[in-house]
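Sequential numbering of the sequence shown, starting at 1, is according to my numbering.
For the record, the hints were derived by calculation from the structure and aren't laboratory data. Be aware that a few hints might be false.
Unchecked claim - Cβ pair distances, simulated, as ranges:
id	residue 1	residue 2	range
1	Arg198	Arg258	17 to 27 Å
2	Gly223	Glu270	18 to 28 Å
3	Ala80	Arg58	33 to 43 Å
4	Ala300	Asp264	21 to 31 Å
5	Glu209	Gly288	36 to 46 Å
Heads up, the beta-carbon is just placed ideally off N, CA and C, and yes, glycines get one too.
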Amino acid sequence: MIETTGTQQPALPDSGRAPAPGAPEGAEVASAVRAALAVPGVRAVRVEADGRGAALLRLELEDDADEDDVARAVDARVRAARAAAIPAPAPAADAAPVAQPAPLVAPAAEDADGAVEGPTDGAVDGAVDGRGAVPGPSRPARSGRVPVPAVSSPTVAATPAPRWLGEAPQTGPAALAEPLERTVERAFEPAAERAAERLLLQRVEVVTEGLTTTSTVVLRQGGGLHTGVADAAATPTGAHRALATAAVRALESAAGGRLRMEVDAVTLAEQLGETAALVALSVLSGRGSERLVGAALAGADPHRAVVKAVLSACNRRFGFDLGDAPGARP
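Could you put together the complete structure from these sequences and hints?
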């Protein structure tokens, strides 16, 4: 209820009542007092409790204020303040907005002095430095926002690093690719390193004593020697068979026991005006049994040609890297 002092003005209707101070609606009473003091003609406001426990506003008016006009204005102000203080209904739980996570960004780029640059709004209008000079346009801000890729640490850690030529073999998942990598590396190895692993024909020797011919073939690989020895009857075909057999025994030694070989046939034949040594072999390995054929031009040394025909047949099938040792003699 709103009353004015010094008059017989009847009280406003109950809509002008406000809760007594100290009640839970004390903030509403304070709002009503501020609204009343804002009305022109009101000098002071006093809050009293009426018989029903409601707050009663008593207004002290200016000397020239019209009581009716002031009372109506205060009533309107109090009603407006009360309406503004009523909170809006809370939204339903299922309609509550879901906060979106902020994107992961790196901190803004820093200058050399450590100051973080921020966005600028272009040139500074009318700004003058301490020396009276007008600065030029400010530098555009550098963007420091760097998106972070959504890659989990386990995924990155499980990815094998690239293997470079000449590095030590890796362990773990990357070691599974070793056979293929080793094949690629060998294609680019220096010739000197590959020559150290080549199987070279070191020496061929034929000794005939009485009715027996003994043939010796020596192969060199790196610092090791592999020797094969065989004998046969001292006949032209027997000597050739003994040479071929000695060659396969030396190859068996170089293969470390992974191969067993037998000589099926050896012959010297005329081909296109040249004499060639032809050799047929039977080879037994982990892949089974198979036959191989090799050939080599005889030239001035048919004994050495027989050995080269054996090496040629096995080189094409088993990948022996063969050649003549420097200074080799028959």
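Hints, verified against the model:
Separation of Arg198 from Arg258 is about 18 Å and conforms to the stated range, judged on CB atoms against 17 to 27 Å. Roughly 41 Å separates the CB atoms of Gly223 and Glu270, a value that falls outside the hinted 18 to 28 Å. Taking 33 to 43 Å as the suggested C-beta distance range, the pair Ala80 and Arg58 does not conform, at roughly 20 Å. Between Ala300 and Asp264, the C-beta spacing of about 27 Å keeps the proposed range 21 to 31 Å intact.
Restraint check, Glu209 to Gly288: a C-beta distance of roughly 39 Å satisfies the suggested window 36 to 46 Å.
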